[in-house]
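Asker: With the sequences and hints as input, model every part of the structure.
Protein chains in written order, with my numbering: chain P, 324 to 655; chain C, 21 to 629.
FYI, nobody ran anything at the bench for these hints, they're computed from the structure. The structure displayed is predicted, hence computed values, not measured ones. Hints may contain errors.
What the hints assert, rightly or not - Subject to a maximum C-alpha distance of 30 Å in a straight line, what follows is the list of computed DSSO-like cross-link-like pairs (lysine-lysine):
1) C:Lys298 x P:Lys637
2) C:Lys296 x C:Lys180
3) P:Lys636 x C:Lys212
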Amino acid sequence: MINYSASDFKKGQPRWCPGCGDHFFLASLHKAMAEIGVAPCDTAVISGIGCSSRLPHYMATYGMNTIHGRAAAIATGCKVANPDLTVWQVSGDGDGLAIGGNHFIHANRRNINLNMILLNNRIYGLTKGQYSPTSPRGFVSKSSPYGTVEDPFRPAELCFGARGHFFARAVATDAPGTVEVLKAAYAHKGASVCEILQNCVIFNNGTHDAVYSKEGRAKNAIYLRHGEKMLFGENNEYGIVQEGFNIKAVKLGEDGYTEADVLVHDAHCEDNTLQLKLAEMEWPVALGVIRDVEAPTYDDCVWQQVEEVKAKKKYHNFAELLETNDIWTVSE
Amino acid sequence: MEIKEKESVVVRFSGDSGDGMQLAGNIFSTVSATVGNSISTFPDYPADIRAPQGSLTGVSGFQVHIGAEKVYTPGDLCDVLVAMNAAALKTQYRYAKPDAAIIVDTDSFGPKDLEKAQFQTDDYLGEMGIDPDRVIACPLTTMVKECLKESGMDAKAVLKCRNMFALGLVCWLFDRDLDVAFNFLREKFAKKPELAEANIKVIQAGYDYGHNTHSSVANVRRIETKHKVPGRYMDITGNKATAYGFIAAAEKASLKLYLGSYPITPATDVLHELSKHKSLGVVTVQCEDEIAGCASAVGASFAGALAVTSTSGPGICLKSEAMNLAVIMELPLVVLDVQRGGPATGLPTKSEQTDLLQALFGRNGESPMPVVAAASPTDCFEMAYAASKMALEHMTPVILMTDAFVANGSAAFKLPDLKDYPAINPPYVPEELKGSWTPYMRNEQGVRYWAVPGREGFEHILGGLEKDDKTGAISTNPENHDLMTRKRKAKIDAIPVPDLEVEGDKDDAELLIVGFGGTYGHLHAAMDELRRQGHKVALAHFRYINPLPKNTAQVLRRYPKVVVAEQNMGQLAGWLRMKVDGFVPQQYNEVKGQPFKVAELVEAFKKLM
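Answerer: Pasting the structure below:
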């Protein structure tokens, strides 16, 4: 196996605004790809339209920067037609969840082996500042000067609702955390959604402030790891415990809670109830791999079926296909 | 017994949707084709999912035209109408010639049946003005029950064999050899031999009934075969032929065949057909919507497959965005449009040619795309092959237009040998260009090279944004955009297509008939009829619409009068006027959702001369 470095995957000079979360994410993607070790020529990066969808232009792989909303559908055809390719699909919150919402849910439902990146800055940046389907209710933007009157999607909920088998979350500025989830997404066979929380410095600055800095994450985020206790805080002084059918964050030592009460993360649990609750916590914000459950992938099954039918049917080329029909002969 | 020689006959089987009219029609056409008759068929099925039994909206028809010489259409009006119930007689009689023989099942003309079919009295023949002497009134249901009473079959299964009795009667009427029908059924019901034998018994009973009846219409007609083209044949519908064309092209090009699709009438049978052939490595993905059908095909094309998406007009509206992506990325793609009546949901099961301008122009920006159209059910094979070759060799999406009429109609298909078909050579980027290659570098035909993912050293990014001609990077440079727009157009304009053929009175026609796509048969039959009547007429039928054949202007200007006949309000006429300076044709336009009637064409064209 060839050892790759991040620079083997780099191309061109990114044109995003200085300070944009996309810069941070791109660097982590280059690094993750080098560590994953799939050759650039066997990798395809497919995006839609939007600021973040410029990303394929900065990759030394194969790729397409396509049309608005259709990246998941285009990636689906690409992966099914050539399952040997490692396919990364990159979309923003508008591309992936608004205009492309239908393709997002169906790629998850079918469980196509795609690594689906959702760069969520809760705003339309390229069109200069309209609310997106992940903007919170009441959000003031150019197209909602008096605040929105609609509720946002919660990407994890959408993914789970579509029977998704992998969901992870990272903050763009957190390189190790991002690289970790990207590698996990690659390792997972099937549709894997990575929600990347990122800032739009121009139109929605500070939207992920609570977790954007290392210090912030220490206070306000929890890194979930399969098989490990759900502890967080600067000194792991907090934990997630069960309360009835719900979960809550508690301070250890208070109200009689001890480390023994703290739940252990099970990303592999088929039932997504607890994973959904973790993904939807507002404090702390759950980071890392939240759900990672094995299931048959669409592309594998398609080609497996081809092999099964090939073994069963007696015709394997066009001439033989013709012979399967009712044929008559007209003679002189 | 008197035997009349006939040049050609049209038989229309009609009954309830569940009466098996399509099967009876299919067997009759196969039996006829086997003796070398030319055949053309047209199923006319209701749009209702399952209309109430015996109702007027639930009538399903299957028309077959058999001829001693080549037949071009399923025929305007029928010589024999089989009406399995009162509703069928009521709705289908208008497709019968004044002297047609009518076969009815008198058991299905009870008071309730007549009421459902909205007859006022029990004298249904009188109400319709049908001469009883032309009717073979047969208690068909009773006879089938009698015939199968010892078969042990339940009542429902017995009733399903009624169509075979009607078939037997028709076979007698045309002096057909029943063995072919028997073999057909034995093969079709190979797993249920008792069912095959029951059906065979009923066909024989129907045949014998005809033989023993001394009805006034009981003149046996015989259609001799005049010009036999020896060979091996099968019956094929246009949709199946289209699917076969794609399979053949993929095999010839040594590529995987990928279909991204979403069910839509009348194109769905292409999805059905291709889904069967996994043993040939064909992959079909039934997508979440039309958009994804096309978008996923673009993805599959990027990955190196022969990518196809199939739909009808409303689907083209949704696919146009991804088609345009394939235009700017210069990737091969075949978009199949099986046209139906529009606009919007329109007439989903009926046929029109109203998508032509949408195919040519229905996208944002300057978006040139080749458009080809199939002229008949079997031509669907040829044009699907041609469209695939064109897409792969010229790195472009191609629109293949058929319509509900040719898609559902069938004809005898002489088994093709792939050895006789031209090679398909996509412009794969030569290995020696490694290092100097950029994505929009072109070969001498102006075609971008194809670098399929997996090839080391040719990694590149394509996309929907305009690219620099030299580097392939995003560019908003005004001169570059102008240059790229011209290059994309020049590439399409340079695609070689066969010359436009003129049939009939090539040299001295007074009137040139012009059409495209699925109306070929009707226009040809109209021309033949006019020539029989002594008129000087020629036909030029377009299968290649963009780019147009090189001799188009020359042909159109050669004749004193030209009429463009099409099933729309003048879309081909408009396109030709745009492309041929000073060309002002007469027009014949009709949008009834039904095939042209040859007799009506003949009358209309006579008035122009």
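Asker: What are the numbers of the hints the structure violates, in ascending order?
Answerer: Every hint satisfied by this model.
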